[in-house]
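Since the structure of chain X is provided, determine the placement of chains V, R and P on it from the hints.
Protein chains in written order, with the numbering used here: chain X, 1 to 391; chain V, 1 to 391; chain R, 1 to 364; chain P, 1 to 364.
These are computed hints drawn from the structure, not numbers from a lab.
Going by beta-carbon spacing under 7 angstroms, a handful of chain V positions derived as facing chain R:
hint : residue
1    : 4
2    : 274
3    : 282
4    : 290
5    : 389
Facing chain V, from chain X, some residues (calculated, C-beta under 10 angstroms):
hint : residue
6    : 270
7    : 271
8    : 272
9    : 275
Every value quoted in this text rests on a predicted model; they were computed, and no experiment measured them. Even for Gly, the Cβ is constructed at its ideal location relative to N, Cα and C.
Listed below, chain by chain, are the residues.
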Amino acid sequence: MDINFSDADNQFRQEVKDYLENKYPKHVKEKQNNGEQLTKQDMIDYHKSLYEQGWAGYNWPVEYGGTGWSPTQIYIFQEELGYANTPTILPFGLNMVGPVIYTFGNEEQKKKFLPDILEFNTWWCQGYSEPGSGSDLASLKTKAVRDGDHYIVNGSKTWTTLAQNADWIFCLVRTETTQKKQEGISFLLIDMKTEGIEVKPIITIDGDHEVNSVFFTDVKVPAENLIGEEGKGWTYAKFLLAHERFGIAGVPNQKYSLKLLKERTKDFADDDLKKKIADYEIELSALEFTELRTLAALANGGHPGAESSIIKIKGTELQQRLTEMYVEAAGQYILPYEGPEGFNSNNTPASNVSDFSSQAVSRYLNFRKTSIYGGSNEIQKNIIAKAILGV
Amino acid sequence: MDINFSDADNQFRQEVKDYLENKYPKHVKEKQNNGEQLTKQDMIDYHKSLYEQGWAGYNWPVEYGGTGWSPTQIYIFQEELGYANTPTILPFGLNMVGPVIYTFGNEEQKKKFLPDILEFNTWWCQGYSEPGSGSDLASLKTKAVRDGDHYIVNGSKTWTTLAQNADWIFCLVRTETTQKKQEGISFLLIDMKTEGIEVKPIITIDGDHEVNSVFFTDVKVPAENLIGEEGKGWTYAKFLLAHERFGIAGVPNQKYSLKLLKERTKDFADDDLKKKIADYEIELSALEFTELRTLAALANGGHPGAESSIIKIKGTELQQRLTEMYVEAAGQYILPYEGPEGFNSNNTPASNVSDFSSQAVSRYLNFRKTSIYGGSNEIQKNIIAKAILGV
Amino acid sequence: MNLSYSDEQNMLREQVLKFCESDYTFDFREKIVESNYGHNPETWKQFADLGWLAVPFSEENGGFNFGPIELAVIFEEFGKALVAEPYLANVVMSGSVLESSSNELAKQTISEIIDGTTQVSVAFSEANNGYNFHDIETSVDDGKLNGVKTVVLNASFANSFLVYARNGDKPVIYLVDAKAAGVSVNSFSTVDGQNCGDVTFENVEVGESLIISHDNDASQAINAMLDLANLCICAEAVGGMTASYLKTVQYTKEREQFGQPISNFQVLQHKMVDMFIEAEVSKSLLFKAMLQLDGKDDEASKTISGLKAQIGKSSRQVGQAAVQLHGGMGVSDEMSIGHYLKRFTVIDALFGNRNYHLNNFSNL
Amino acid sequence: MNLSYSDEQNMLREQVLKFCESDYTFDFREKIVESNYGHNPETWKQFADLGWLAVPFSEENGGFNFGPIELAVIFEEFGKALVAEPYLANVVMSGSVLESSSNELAKQTISEIIDGTTQVSVAFSEANNGYNFHDIETSVDDGKLNGVKTVVLNASFANSFLVYARNGDKPVIYLVDAKAAGVSVNSFSTVDGQNCGDVTFENVEVGESLIISHDNDASQAINAMLDLANLCICAEAVGGMTASYLKTVQYTKEREQFGQPISNFQVLQHKMVDMFIEAEVSKSLLFKAMLQLDGKDDEASKTISGLKAQIGKSSRQVGQAAVQLHGGMGVSDEMSIGHYLKRFTVIDALFGNRNYHLNNFSNL
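One chain only, chain X, in its complex shape:
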């Protein structure tokens, strides 16, 4: 056991710093550091800059164009990006559908989709949840009926993040009605430009438009877009969910936000918030080392399993606590609202010396979703109870 980084590791860290210094797009950097919202094009520019560096597939195997990095390298990469406050790498292509395609897809699908995912030529979104299904994912009702070379898809998906930007959606659809609801589900890739698809925004309590409902009316999907076997979609879905939970904790981003919070509160007279911050920081390092232990197990040939549920639960709890501390630090100056909607002029309230206060409540409210989506934290506890504790 050894916590020190090798010379090679240190050299690698320098490479990441060089990227951040020279190749990370300047306009993205500037907006991020000012707390401005990024456009779709900004996000594309950022992801493409990673691709050009050869790092888009930072957690993919070499054979599919990934980096094949060691856990230590992935850790360093994420840490440096976090410290530099880069945008979150969008997970829908790289961490979700990508691994499903290279694990369960056929050669043609790999050739067709993987390069565009890495190069960020296609923006993906996730068609899992439905209005009635929620945490009971397998109860989904969106139907795909085989009709010659096509499936005809009818139904709707909800809570679809950034569907308004997406080129493709990966969907769980019901291809057969069976006794056991986990059977008869298939995994289908659908071009968002196909006729019959309608995207409607859902405004969340933070006033933002990030999620959507997606409606499918007689949507014709080529049968070649089916991943793996018809009816085996549930297996692929569970594989994806375990991968999704991994990295969901956003430790590097949390470290960056923590740094800002400490700067903001360093002159506070009362110790209370400082103790809360210390308590949070301690738990954050415990979470970080839990991720590292899991990464080490993976490097020894394991798979992300129920242990990743710990990371989902603790990671989202800590993210939520962080947003609560931001609210506490801002005090009454959370009131004036400068969100995307509303009547406000471009004036900034006199009490807001930075964007710190005005964003506090929006972030707080926005992060409530993290303990709900991707399998609510209650569901994660059910998973651990069953898979690890055996009760």
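Just chains V, R and P now, with coordinates in the frame of chain X:
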């Protein structure tokens, strides 16, 4: 609505103070204030002094020798006793079996038992829990078989508080094996001197002997000691449990302990414990007013029902938090142990300026039971969910 | 000691409850919040007609001479219905400051508030004083008022401001017309759909006639206002918590997952029990605080600090649990449930948050 | 970076685990705790024969030159089995202080500790210094030692004491024989069945030859000892937490209520999941701390404070939940489960409790 006390109330408070000053036994007072353990005789002396004052039945109706006090009077009485650090009034006779007898017993039973309960001529204990039953109280197995004028009782009870001092025990026994476990249970009063009863101590993790196992082997109990109808014991048991939960929070005692804790910690440099104490004190007043609201509802003709579960849950949580704060305040000086058992001389550790430290861990461990007994807090939440929320 | 509401108080509750159910549905509220900073002139007129704008004022001033208990009753019901009208800013806060004054200008202003023809906000908070509301820089020199007040509630609709300032070392409260030369308002919608603003005073002429209160009376008036305002928003939060747990119970009974209503799951049941308990104990403490304030008990301020600290904790727990148990619907803007959490967050931040009041309680 | 135990470390764990399972059952432990302050000379001899008493010492001093990782491995297993032997007081604490010294007396004492022929305790804490261990009154004047040390671990069996004192302004550590004239020990069983004592020094003659360490080296030696001791008891707590959740899972599967194993109840399942999570994240932080201490990282002290604070919270939660889920059996002295909670409580209280270390972490 009015929070102020009437002149009559204030005069009543003075009467309680007079009792405490003049009639509350001096030897009990001294031991209590030095934190010494009371003997059985001390407890009897204390209860008899209340009886002589006419206050033993402080929450009983006048017709059975009770005081018939208003909720406000009961509140004042308990508050003054708490501030004076008097021993807890033992609930087994006065709050448990007494109300069962005067509500469900026949005239002879009332005449035979109630005066001795008030006068504390009989020490009662409670035969509810069994080794296998725990929170699933109705699954009890102790059997009573009718044999002429008697029942023959076989089985065992456990966690019986102060059975070593008791003259009588009230028991739930199974008089019939039925489909539904709540049926076939009867409520029996048993003289502890009867042949075939054996009491064995259970030592708890705080090192104390407070609870016991009680074994019954062919114990002959006169049939006249059956309360109410055979097979209806579950109804009486539930009535008793709701009464038992009421007052279980021990708010006045908590106020006294809080006062000591505040004195002990007033010069502490760090604010952390002071904030915890403030938080606790606030919640204690919330609990106190919850009790008062319930008392007011009772005075208007209600019965203690599922609402008393709130008082049980919050009351025990707060008691436990209080003991945790004592441990925190004592720091490393919790280590030297001066409990009833052990090798120690009568010397006091140099670090213990008072009994404060040495008792901290014992109290902490002792109070863990409060969220377990009388229907565990999980069971209380089930009760609220069903009876109040209707889920 | 008597812990039962009077018939009069029960009738008042009934009246507010009925109004909210029939005239102030969530959809109606959302329209007002989205279009007009939470204030609807017609609703305000209804308030005036129902006599609600007169509730806390003395009979001498044309009011009903009701006290903290009646205000708490109203706010508990407002909290259930998420009422956004500027009752707090006008009737409670300005009302409290004005009622404490015996001068004619104050009396005149009260009568205009009661009939709904004017709106008044107290401008007391400043950007750099955190929650130390008496540490102010706004000052009067040579009859000219200068300073900037922040987070002034309902600044968008206020016709005048009660400005907390100092004259040399002495505290003073002036009534300043919003249209007076040198007054400028920069207003914002608040996160919970009401409004507040920065109000800047630049060489505003303030004669002696505009003084509502001065010296010790002025700082006492601000303290009394803060106590009453905190009591009212705590009552509002208690109403909101009650609505939150009731709506959550209802939702979980209707929402099916894994082939059954999710209310069948024990973990969710216990979470709802925790919500219920938090709402109930908060309500109990509200009783203590309103009774003490009503009885002018010396401990009232301390109890209100305790209540505010308790509410900060309980309402956060209840609001978060309500959102969590509603799942995706909990974070959707079109459901009311998330708006309770928002309002709880604002209530905690107003007039001293949980940590501030925990300190206060500890030191009082 | 490498987060896998070496083969040697895994073998050590295996050895300790096997010993505890076969030679240190709970019943055996209870007898030793009840009859002899937790220390059994024969068990101690087994420790010596297995080489465990030599673990942290340098090869030069006849030890295995193992570091914090190996000690953590041992303590994690000790924690699972509730081992009460005075390994912490002798091998870790006195060992750490003695190993930091280069003088002959220290080397001689180490060899006696390794072969199990002597026991030594560090006497550093005083009644009035709380957790400010460098704020001491015990002093040497004219070659005479005077002062009272409190909560000296294993004082009942110590043949000598490493006494932290000051000579004028300078810190010094002396090795003082327990039988020397002027030394008196007032010992107590501890709440968790071990022992500690007050040790009084009254005009005890201490020559220069008894100095183990002085000046800055002495205070550094105390700090290094505290870091290592805290790491070890945190590892012990991690072992105890692991045992607690495993035993609780087992118990709930066997205990039937309402016609089924209570492990079927979702609320209890989630409570056990919470226990599991707390044990796991604590273990993760233990990894960070032991690796940093092993690598002589500048941040090690801060991380150990963080770990101690985390353990204070997590172990309390796990210990309390374990007792609660065992119901009546949880508070019964004859079951092991309550003894974990007791030990967690003592571990939190030793060498700075959660609040102390939270402050430390915040200020470092």
